[in-house]
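Number of protein chains: 2
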Amino acid sequence: MTTTRVLVDGSPGLSVRADDRGLLYGDGLFETCALRDGRPLLWARHLDRLALGCQRLGLPAPDREVLTRESLGLCAAVRRGVLKLLLTRGRGGRGYRPPAVPTPTRIVSLHPLPDYPPSFWTDGIELRVCATPLGDNPRLAGVKHLNRLEQVLARGEWDDPAVPEGLMLDTRGRVVEGTMSNVFAVTRGGLLTPALERCGVAGVMREEVLALAADLAIPARIGEVSLADLAAADEVLVTNSLIGLWPVRRVAGRSLAPGPMARRLLEALRRRGAV
Amino acid sequence: MTTTRVLVDGSPGLSVRADDRGLLYGDGLFETCALRDGRPLLWARHLDRLALGCQRLGLPAPDREVLTRESLGLCAAVRRGVLKLLLTRGRGGRGYRPPAVPTPTRIVSLHPLPDYPPSFWTDGIELRVCATPLGDNPRLAGVKHLNRLEQVLARGEWDDPAVPEGLMLDTRGRVVEGTMSNVFAVTRGGLLTPALERCGVAGVMREEVLALAADLAIPARIGEVSLADLAAADEVLVTNSLIGLWPVRRVAGRSLAPGPMARRLLEALRRRGAV
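As you go down the protein sequences, you meet chains A and B in turn. For the first sequence, our numbering assigns the number 1 to the initial residue and increments by one for each residue that follows. For the second sequence, our numbering assigns the number 1 to the initial residue and increments by one for each residue that follows.
Among the hints, erroneous ones may be present.
If several chains are the same, the list does not tell them apart, and a pair holds so long as it fits within one copy or across any two.
Below, in silico cross-link-like pairs of lysine to any residue (SDA-like), each with a Cα-Cα straight-line distance of 20 Å or less [as the list claims (entries may be wrong)]:
#1 84 with 197
#2 84 with 17
#3 144 with 95
#4 144 with 98
#5 84 with 131
It should be emphasised that the hints constitute simulated quantities derived from the structure, not laboratory data.
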């Protein structure tokens, strides 16, 4: 797949209005889904998160059937790829005040799957630590909204294709997530992942891994995580909807080997059809 | 003036590409200028701040002459109105990583002046306190970027046209700014305004008022400001490029009368052609 295809409010189109609040204020949400054989993976989880995000931002939730029909139509002939959903509060006058009854803009688009080397899954990745922090805001924490300048600045800090991901800390130096992934530490056979009540994005694959851990009776804890926790862990993993899971082979000055937890979770995710 | 006019990259147009990073990530900046008799006010300050914002976000600064020519062309027949400049990092593939050599998108648009009652300038306004906090992020503080969900959520908290502005606090409860304005406390003939090193937007009118204070030998301090400081002040003022300055007649449970500082500054701003 090399051509990108886009539906704007259900019709083929390549543009949005210049007064769309998505552009003016980042006033909206998005979802990024892996496609396999014409179907977006973890589709119900993506729709659930989008609906939850709408609730958090005070947006009317989109019709799940409409989104599903448009997405399946766009994906029909695609064996592997990326489906992106983007929803904004729609057009509005100048000024922050949201319209009482917004007419959201809905964009569904197809993209090629990123071309990562297979070694990222088998041998692990180097995870650099970014200088750009994530600001605290409980009102926005967890939501996959369109205010993503922190991630853009963090991802702009390095330019080495051999380093696919960077770790982001909050303003007090606690570990939150990767620029495009969530992070897990594995210690004594259990999982620890940062709480996302003050900042960060609650990833769909993070939810899936936590659900999987519950199914497999793997202890999992959500809490405060420091760089020292990562450096002391038996394994470190990053997760997102496109990659599923990558083991980390280097972080915070420490080298790690991909371990049994990464392999076990990745195999289970594949069996579940989550990746 | 009732029709809105828009130039996108110098050409009349009403739309931007759906893959513009301004829409995808709020990856850009904007300026809002008051228009008077065909000319944007405080134009050099607006261009300076835009250039500084570009530097902060790693964007190539737009050509001042091009922006000036486009803006003056658009404003030519307009007696009073609002000119908005919006600059994004332009188109890009999926993914946060900014392109090494971006081709920014530039939008210049005309809007009607908001229709506020004259009493807001003479009798003052009620300033409510918003529940939505401003998250700390030194990397983005001060910049008028397109990540404005905090302001959108704060402005969505109330719906009373008699209350034109809300005060925003940081996550520790310190005063930062209004949703669309900066704030000053007046105590013993001097000005105090919040430092904007961790969050907030460094408004062009705030800069102008600070410059004016220096010219008039009015002591002005930038520092930490609490709600108690506002409640204990002789006067409280809010400023932005469109309103110039409004006295506050009610904030944090306290009633105030518009005082001599508000009148003096507003008269001086008018004499300087800043409003």
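* Intra/inter-copy verdict for residue 144 and residue 98 if alpha-carbon distance must be at most 20 Å -> The answer is both: 19 Å in one copy and 19 Å across copies each meet 20 Å.
* Asked: Is it within, between, both, or neither for residue 84 and residue 17, if the alpha carbons may be no more than 20 Å apart?
  -> The answer is both: 19 Å in one copy and 15 Å across copies each meet 20 Å.
* **Same-copy or cross-copy closeness of residue 84 to residue 197 [CA-CA at most 20 Å]** => So residue 84 and residue 197 fail the 20 Å test inside a copy (25 Å) and across (35 Å) alike.
* **Homo-oligomer pair classification [residue 95, residue 144; C-alpha up to 20 Å]** => between (23 Å within a copy, 14 Å between copies)
* **20 Å Cα threshold - placement of residue 131 relative to residue 84** => neither (28 Å within a copy, 32 Å between copies)
When each numbered hint is compared with the structure, violations occur for hints 1 and 5.
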